[in-house]
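Participant: Those protein sequence lines, which keep their order, are chains A and B.
The opening position of the first sequence corresponds to residue 1 in the working numbering, with each subsequent residue numbered one higher.
The opening position of the second sequence corresponds to residue 1001 in the working numbering, with each subsequent residue numbered one higher.
These are calculated hints, taken from the structure and not from any lab test.
None of these values were measured; they are calculated from a predicted model.
Just so you know, even glycine gets a beta-carbon here, dropped at the ideal spot from N, CA and C.
It is possible that some hints are incorrect.
Label pairs and their computed distance ranges (CB to CB) [stated by the list, open to error]:
1) GLY143/A with THR1008/B: 28 to 36 Å
2) ARG153/A with ARG1074/B: 23 to 31 Å
3) ALA35/A with ARG1074/B: 24 to 32 Å
4) ASP1012/B with THR8/A: 43 to 51 Å
Here are the simulated EDC-like cross-link-like pairs (lysine to aspartate or glutamate), alpha carbons at most 16 Å apart as the crow flies [to be verified]:
5) LYS1094/B with GLU1071/B
6) LYS94/A with ASP1003/B
7) LYS73/A with GLU63/A
8) LYS73/A with GLU1071/B
9) LYS1094/B with GLU71/A
10) LYS94/A with ASP118/A
11) LYS1094/B with GLU1063/B
12) LYS94/A with GLU63/A
13) LYS1094/B with ASP117/A
14) LYS94/A with GLU1063/B
15) LYS94/A with ASP1012/B
16) LYS1073/B with GLU71/A
17) LYS94/A with GLU1066/B
18) LYS1073/B with GLU1063/B
19) LYS1094/B with GLU63/A
20) LYS1094/B with GLU130/A
Number of protein chains: 2
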Amino acid sequence: MFDANRWTSLIDGSDCPMCRENDAATPDDPALVAAVPSGRILLQDDAAFRGYCILAFPRHVTELFELSILERKRFMKDVTALAAAVHAVCRPAKLNYAILGNQVPHLHCHVIPRYPDDGWWGRPIWTRPEEARAPLPPDEFAGLRARLRDALRDAAGV
Amino acid sequence: MFDANRWTSLIDGSDCPMCRENDAATPDDPALVAAVPSGRILLQDDAAFRGYCILAFPRHVTELFELSILERKRFMKDVTALAAAVHAVCRPAKLNYAILGNQVPHLHCHVIPRYPDDGWWGRPIWTRPEEARAPLPPDEFAGLRARLRDALRDAAGV
Chain A
1 MFDANRWTSL IDGSDCPMCR ENDAATPDDP ALVAAVPSGR ILLQDDAAFR
51 GYCILAFPRH VTELFELSIL ERKRFMKDVT ALAAAVHAVC RPAKLNYAIL
101 GNQVPHLHCH VIPRYPDDGW WGRPIWTRPE EARAPLPPDE FAGLRARLRD
151 ALRDAAGV
Chain B
1001 MFDANRWTSL IDGSDCPMCR ENDAATPDDP ALVAAVPSGR ILLQDDAAFR
1051 GYCILAFPRH VTELFELSIL ERKRFMKDVT ALAAAVHAVC RPAKLNYAIL
1101 GNQVPHLHCH VIPRYPDDGW WGRPIWTRPE EARAPLPPDE FAGLRARLRD
1151 ALRDAAGV
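The following block holds chain A by itself, in its conformation from the complex:
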């Protein structure tokens, strides 16, 4: 249901949960793959889509056309390097890239590896009911994050 007041405060940034997360971020966040010029790359705890990451832009903007040309180039370079890193580590059959912002309109990009056995092959991941989502084994999460971090360094030249 649309709440006009709530939406206004999300769009103008006066009450943005992602701005709060960015402000509170620390380098020891266990989900942090890397802090790059276009923001923080956070590994999602999702067993089906192993390697799923989100890049959250540092400052509050909501649409691509609000970025300067330089910011846009840098953002898409970072998205592309992230995709290359996820591809190198996880070897998915395909990657999905999405900037939605339907719940939190602060600019962020989902980079989602897709596997033939991920349970939702051929369909966007958002067709999966929330209750079907399962976390990665805890010991796998830390190792995966470390490998993604290394691969991201290798992918910096994209």
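Since the structure of chain A is already known, use the hints to place chain B on it.
Facilitator: Quick look at chain B alone, frame taken from chain A:
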């Protein structure tokens, strides 16, 4: 269901429906908003998401990191100009941008305007069942396409 042979021919481009569409494209396609350097912009016939367009890349690639740096910059410039044009004409509350390729992995970007009354507010459009999709009134389609075309010209400076 995953069909490995089918998927291989979609990924390597040997049997790609979007390549066939690109090859068969004519300037008098009623859905064509514009042909830009990064491909054809096609208006989708969707009443709920009025102004929904897809930019289909001209040559067969499947991931962002397969583009040259110049191609990527140009592609995202064209995506951004398209978003600015849709925003100027349709005044949505938010835009969604998605490169998925779950059915057809040939690079293409969905630019989807979101409206508080679009019926799926707060959720990705792919949660909508296919049978809930309705076309635009035919007289509106042509007018909308013309306005998007004009607005795209104005947005070329992004």
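Participant: State for each hint whether it applies.
Facilitator: Verification of the hints:
1. GLY143/A with THR1008/B: 28 to 36 Å: holds (30 Å)
2. ARG153/A with ARG1074/B: 23 to 31 Å: holds (27 Å)
3. ALA35/A with ARG1074/B: 24 to 32 Å: Cβ of ALA35/A to Cβ of ARG1074/B: about 28 Å, so the range 24 to 32 Å holds.
4. ASP1012/B with THR8/A: 43 to 51 Å: holds (48 Å)
5. LYS1094/B with GLU1071/B: Violated, at roughly 26 Å.
6. LYS94/A with ASP1003/B: holds (14 Å)
7. LYS73/A with GLU63/A: holds (14 Å)
8. LYS73/A with GLU1071/B: Status holds; Cα separation ~11 Å.
9. LYS1094/B with GLU71/A: Outside the cut-off at roughly 20 Å; violated.
10. LYS94/A with ASP118/A: holds (11 Å)
11. LYS1094/B with GLU1063/B: violated (25 Å)
12. LYS94/A with GLU63/A: Roughly 25 Å separates the two Cα atoms, so the pair is violated.
13. LYS1094/B with ASP117/A: At roughly 33 Å apart (the allowed maximum being 16 Å), ASP117/A and LYS1094/B break the hint.
14. LYS94/A with GLU1063/B: holds (8 Å)
15. LYS94/A with ASP1012/B: holds (12 Å)
16. LYS1073/B with GLU71/A: Holds: LYS1073/B and GLU71/A sit about 11 Å apart, inside 16 Å.
17. LYS94/A with GLU1066/B: At roughly 12 Å apart (the allowed maximum being 16 Å), GLU1066/B and LYS94/A satisfy the hint.
18. LYS1073/B with GLU1063/B: Given pair LYS1073/B, GLU1063/B holds - Cα atoms ~14 Å apart, limit 16 Å.
19. LYS1094/B with GLU63/A: holds (8 Å)
20. LYS1094/B with GLU130/A: violated (23 Å)
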